[in-house]
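Q: Chain residues, written in single-letter form:
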Amino acid sequence: MLDFLRFSWLWRAYDIAIWAEIADDDLAAGQHGWRVAMTQATTEVLLVPLTELDHADMPRPTKDSLRKSIIAIAAAYAEDDDPRKVAPDAQSFTRLVKFLEHPHRWPWEGPALALSPEGNFSAIWDRPGVHRWILDFPPDGKIRTTHLQTYPDGRIDYVAGETENSDEIQPPFAIG
Amino acid sequence: MKGDQIPPNHYLARHCRNIDLVWHNGNPTGVSETAFRPRPDETDGLSVDWVDFFQGNDRQHKLACIRSITKLQVKDSHRIALLQVQDLVQAVGATPLAITEDPDDNLPPKHNADSTDCRVGRYCASPQARESR
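If you read the sequences in order, they're chains A and B. Using our numbering, the first residue of the first sequence is number 1, and each one after it goes up by one. Using our numbering, the first residue of the second sequence is number 1001, and each one after it goes up by one.
It should be emphasised that the hints constitute simulated quantities derived from the structure, not laboratory data. Among these hints, one or two may not hold up.
Covered by chain A, according to a simulated footprint, are these stretches of chain B (three or more residues, beta-carbon under 8 Å) [claimed, not checked]: (1) 1001-1010; (2) 1022-1034.
List of simulated lysine-lysine pairs, DSSO-like, C-alpha gap at most 30 Å [to be verified]: (3) LYS1002/B with LYS63/A; (4) LYS98/A with LYS85/A; (5) LYS1075/B with LYS68/A.
Quick reminder that beta carbons are idealized off the backbone N, C-alpha and C, glycines included.
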């Protein structure tokens, strides 16, 4: 019973996340701002993804957006002092890039990126307060899809699925 | 008092590490669901701060107060995720949820809370079924 409750709590975390807004100031009161520290860990994490992006055939704005986000994620990973942290999976990122490279997806706006605690990448398209569409790229070669839709009365619809055939994946709202 | 419900229109703050954020164009634009997974020391629910415990309408002031009482190891790049209680309750739908006062008397030194009259609450959001185990 406890396992079920925990599972259900994690599942609902998706719903919770779309309601969260980020405070528009740094958590720490410091005046230093945030800078990317190019540590060895950052460099190692970035090597394969940046090479993959360099060779990717996709619109320049999407490529630039992904590059900036992967650099930010690599810095976040390097900064994270959790001893249980798992390195970002370069293969997961490669699969994300391959997916976006398809000419049918060139008109799509560049996605936001997130990293799971297991090291897998997710591409996210957001319409704040209305839609969030998440594509997860786990190591099993499948693509997991999650669509959250929020209605004016606050109700949230949650639709999830997974597929090995990327051609089956269509955005649930206009993204380009 | 400990165990009291937090009003539905009040805001809660959850500390988010850099790695919990969603990045677009190199900028943090949202929070990943990982920010709301229980941490190893959160066996009885998620720990959040009660933003509207602090008086006034100035959110920046309230966030400064939150920063002053956090015991977590924070960095410049970390962020605070803000959630309204009613949204949180609605988001979890049928899952019973209790967002209750859980005051923390053991504050860090030189915090911004006014005086001994001003108890700073740390609050616990947890499924009721787990609480009643």
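Q: Now look at each hint and say whether the structure bears it out.
A: Checked hints:
1. 1001-1010: violated (count 0)
2. 1022-1034: holds (count 13)
3. LYS1002/B with LYS63/A: Violated - the C-alpha atoms of LYS63/A and LYS1002/B are around 51 Å apart, more than 30 Å.
4. LYS98/A with LYS85/A: holds (26 Å)
5. LYS1075/B with LYS68/A: holds (21 Å)
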